[in-house]
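Now that you have both chains on their own, put them together as the hints suggest.
Listed in order, the protein sequences are those of chains A and B. Take the first sequence: its letter number 124 is residue 124 in the working numbering, and every next letter is one higher. Take the second sequence: its letter number 356 is residue 356 in the working numbering, and every next letter is one higher.
Each hint should be verified, as a subset may be incorrect.
[Said to hold, decoys possible] Partner residues aside, some chain B positions facing chain A, computed with beta carbon under 8 angstroms:
| no. | residue |
| --- | --- |
| 1 | G103 |
| 2 | R105 |
| 3 | F166 |
| 4 | L192 |
| 5 | I213 |
| 6 | I215 |
| 7 | A216 |
| 8 | E221 |
| 9 | E226 |
No lab work stands behind these hints, which were simulated from the structure alone. The beta-carbon is built from N, C-alpha and C at its ideal position, and this holds for glycine as well.
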Amino acid sequence: MGKVAVEVVYRGIFQKNLARNICRGIVLAARKEGKIGISFGRYGDSPERNGIPAKQFAVVADSQEELEENLAMYEADNVDVTVAVDDTLCKGVESWGWYGLQPINALTRENGILLVTSMQGRGDLIQDTHQKDVPYKIGVVKGTVSFSGLWVYKDDHTDVRILGALCKVCPGLVSIEKMEEAIREQWKDELKVQSAHKSYERMETRVVEPGEGNTETPFRFDLPGWTQMEEGIVVRGIAQGKGFREGDGGYEPKRNPYFKKYSTRSMRPVVDFDTCIKCTLCWLQCPDTCFDVTPDGLYDANMQACCGCGVCEAVCPVADCITMVNEAEFTDNAGQWEMWQKDKDGYKKWMTELIQKQKAQDRSHGFHHVGQYKEEIAQMEDK
Amino acid sequence: MTTAEILEREQLISGSEAIAVACSLADVDVITAYPIRPYDTVMQFVSKLVADGELDCEFIVAESEHSQFEIVKHASSVGARVFCGSSGVGWFYAFEAITVTAGLRLPVVAMVGNRALDDPGAFGVEHNDALAVRDLGWMLNWVSTAQEALDTALMAWRIAEDPRVFLPCAISADGSFLTHSQVLVKVPDRSLVQKFLPPYNRGNLVLHPDNPITIAPQVNEDWLMEIRKQTDEAMRRAKGVIEEVYQEFKGVFGRGSPSPFYEEYMTEDAEIVFVGMGTLSMPVRVAVRRMREQGVKVGFVRIKWFRPFATQEIREMLSRFKGIGVIDRDYSYGSPSYGGVLFNELRSVLYPLAKRPLVLSFIAGLGGREIRAQNVFEMTDIVRKALETGKVEQENYWIGVRG
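Only chain B is shown next, with the shape it has when bound in the complex (with noise of 0.2 angstroms):
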């Protein structure tokens, strides 16, 4: 056993409270709250946390999202190292608070638990909530379990802190799927999390008395472009960022997968392959092991890292298939073939190559619709047939909706 296994404790642990316990052991200064499901569950067990005195911080239940996101990009801006987050429509009132974090460079980790947009009210997920965020300057990835959840949260910090990077992070989490189902989880020794991960250091762009500067200033035409072209070297380097980080994590506390930015499952000799992010791999994986024993070569990505987006790597990687259907859990009313959004930047990305993959567009499990293996099964035969035409009749596709 290593050393991390001999530490670690085995926790019974959702999603949501995984990501609480990462901000215990991460020594989070300042947390703020405010209520909508299924993120609640997150603040929650934070709220125990703090009561049962395993996690010292300034945790402040803010009047609404927009405070609470405006509260913890200034204490962002002082040295505080921060935490919050939201779901659905309350992530967008916080919107213009998100948006300035980006701008001022402030590394705030938010977790989005992702949740239908209104309306009609609705709880179960959609992705369409945190990709609103997509071209704003916010780091953005999802997880698939609790555990990953947590070890992203960790890794989330070192990355967004980085003065390479100092971007904030949004984890994605789905709702319900995620969220409000408890696993085991390992939950490593809070003497190795401080051997990975250093206290926040703003240097000098630290916003304090001793250091007088000023921060978020009105701007003209004159200046702007050169501001919006730092952010853009921020999440370039942010890549690179992520990569190391990745690497140390594994070498202190022994976990992790090949790739930072995707995670393959029984791709080798694969002819399709399915692509989707979050807990939708739950179910594909299922359904496409059942495949594999009769003997179809079909196989699953999952994209982690949505922005920064690992262009070469994806192409690469996908380059080998002939056949991808991209299940997207979002929709993007009237976009290009009126596909999903991971669908089209996907297309964007294999779009160099010389030979390319044919590539469908799913849209399935919206509003939290459960994704059933025979669903799976249902996709799988339109990717085949498009392979065997050699061409692609129909681009997008509506899974699991009555007609």
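The shape of chain A in the complex, shown without the other chains (with noise of 0.2 angstroms):
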């Protein structure tokens, strides 16, 4: 078999311990059948940080030889299996730990599987996801996203069905029967072993052929040589911005073109313009500075720059006025503001049914006001 490896890519805190936990079920269950391997944590990245993209991987080899090749590196240059463990991740993924945004199958080798968790179908997430001039596989995992807190578990059973799927999608790394008692043995724990299995009997996988998938070409940053660096390292400020769009009115702050940061991002603010009472108050409580003030000083979220915080939500004084919608719903990263000055009957209409299907679903995290977090223990406490 030579060397089998699995990249996990998920989300900062919210699933650190999901990704470990999936990276070493591959290595624990390898070992069942005399193999050996290593799990470790892309060095670079800063998976303390709320939703920030982030890799752990697996590597699984029949020989120390094999194994060591990958010990001295950061990063894989390719990998069997990409896992994506949310699927907005299907966008493309930027982090602390590379620059630009680096399509999620960025390192899935020709043939290899890329592997999503998600209730959106495999043609949602191929349209999601940059196309690769090779042809690889994609496989769903049928579920909504697994997000916990740092200090927390959620057992949802995710990383139990990931790691069955593996073992269908990539049956080199290691045999459902394997995969099973290790499951058994770490979690000690029946309903997790037949949720692994019940993964593995569902899985199923498409080709996705060369050129299939989003066309668009992802931002970069070329590295400087040290000659090209400015001395004492000194990083020039950006300097201050103009007119909404660059026009006259309104104003839009110059962001950086090379770090943008929104695939940090798993939910996004829609805003109701009609109801805006232009308090300013999500313009200055933005901690990424996203909202372009309009020529009729209103406030646009900037989709470039918006990390998904939901802090616009919570500091809004008009109900309903703000509301962080899944951004799975999305698949640009287009203005509303210049949408609703288009079509404004047709802007309301698509802005209400996001708000009620949103509110039909559990958010993946936060809050959606201020104080929901006492209300849901009160409640809780009621039961």
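The structure is reproduced here in structure tokens:
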């Protein structure tokens, strides 16, 4: 077999333990077949920050020599399987560990597999995912995204369902029998063993042809040589911005074209411009200065700059004027104000549907309004 | 008489006080202080100059050496000419600030009043304190007279603040022998110093609201090596700048030795030379003179700049001799041959020569112990014996230590 490498792309804090459990599960199961392996996080990442894309790797080999090549590397050149434990990561990821927007399948080798946890279909996910020059396969582990805190772990079986699916899509990694044995030993929970087995049986993949998928060129940043860099570890400030979309009215700050951070986002604010009272609170409180001031004095969340933290929603004094909506609902970073300007009725309809859909489901993280946490605790106590 | 001679005045001051006078002549903007012997002698004189109205600067007494170096580091980043310093473990307490100063390429000029590192607590000179910065991007030199201390300080700002360099510079002065002895020093006129030393201009690297930049970011492995390489290149360029500045200093003030990097004493036709740094030149030169009177072909070389190290020039100069005794006023426990720091640097410098001189290591004068002429005679005998037999039986000797 030589060597099999798996990367798990996850969101900082929310999924750090999940990614770690998956990679440890792989190595411990492979050990039962006499193989040796390592599990490690990408060292330059910053997984202790909410939502920031980060990576955890598992490499399994049948000899020490094969394995050692990976021990001295931060990131493998290519992997047999890429696991995205949040489907919004399919839009591409930007981390502290690398530069520019990295397609989710950037390291997935030819005929390798992209495994995604999602409620979306494979077709929708392929649309988000950047095209490749070589064919690869995509598989979906059906489920809502599993987000935990740094100190607590939501044991919703996402870990073992991915482990089970991995045995199906990458038989060279480890057999499902040994995987089940390892899960039983580690978690001492027969339900988790069953979850892994069901996921194994249900797993199906389809081939993604070369050129199929998102055709957008990801933004990139080429690292300069020492002769091109400023001396004294100086980083130039970004110049002040001017009018909205460089026009006369409003204000739009200039932003770093190489470090955008928007792939940190798993929810985005949707703004009701008709009910906005122009109180400025969202604009003031946004930690990423993501609100552009429109010529008519409204505040348009810039989707190239928004990290999806939800502060704007929390501080907005008007009911449902700003609502955080699951990022999976969107396919681009287009501005909402321009859409509203063009067709106010159409916008209202689109927005209302999105908000209703969002309200019907659980949020992946965070709270809709200040005080919600206390309300939930009270409800739980009543029960 | 030259104009410089007509304008200069003579003052009875110590090595430390000479550096304080240089601060006044250089119109330093920010000076920080925290007391530790022997360095505190500079600060005592600086505060007197400030009180007497001879020095107009922000004189800040910090609450620790660490703060002292942090303050001047920041002041330097906004374009202020700065000075501070310390001694022994005080210098070590500031170490975090000291390393980042070089990393950020800030031309802080500091004086290290060389003192033994604790424990045991001791006031006397050892060079280990200053030597600790040798790998970090600090320029580092040793002076041996109060006159040289004043002159070198004036040149240090000029070299460090050169945009081709932008590196901090430490001037090392031996505790007691240099810091506490007053001698007659020629103090140049302010007008000439102004001619020689232009104001510090940090250009577009200056930290100022009109020049929005950020400095000292966090980086990953994909940036750090390029940043280190920039500092490496700055240190390489510094050597050329030192030569330029010494030339110019000579032109303005009419003083200076043939090489900025080392000084030779009675080395012509010498077979054996001793090499060392700082004030140990004083007893060694006396001993050399006495031995010369008896026909012994012996000389002395004092290394002035330790960083940057003038590899080519020093290799060429030392290649003329048969036997070299390196006298280290420092120790490096467990080092190659158990030799001193300078010894191992010099042996490495000499390695590419087809015909290498014999090199012996002497550890002497630790903790401020006096080095006497008698010690030098003893070392000479050891080197002569090695030359007679043509090989080095024992590479390292501790001189003047009780058995």
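query = Where does the structure disagree with the numbered hints, that is, which hint numbers, in rising order?
reply = 4
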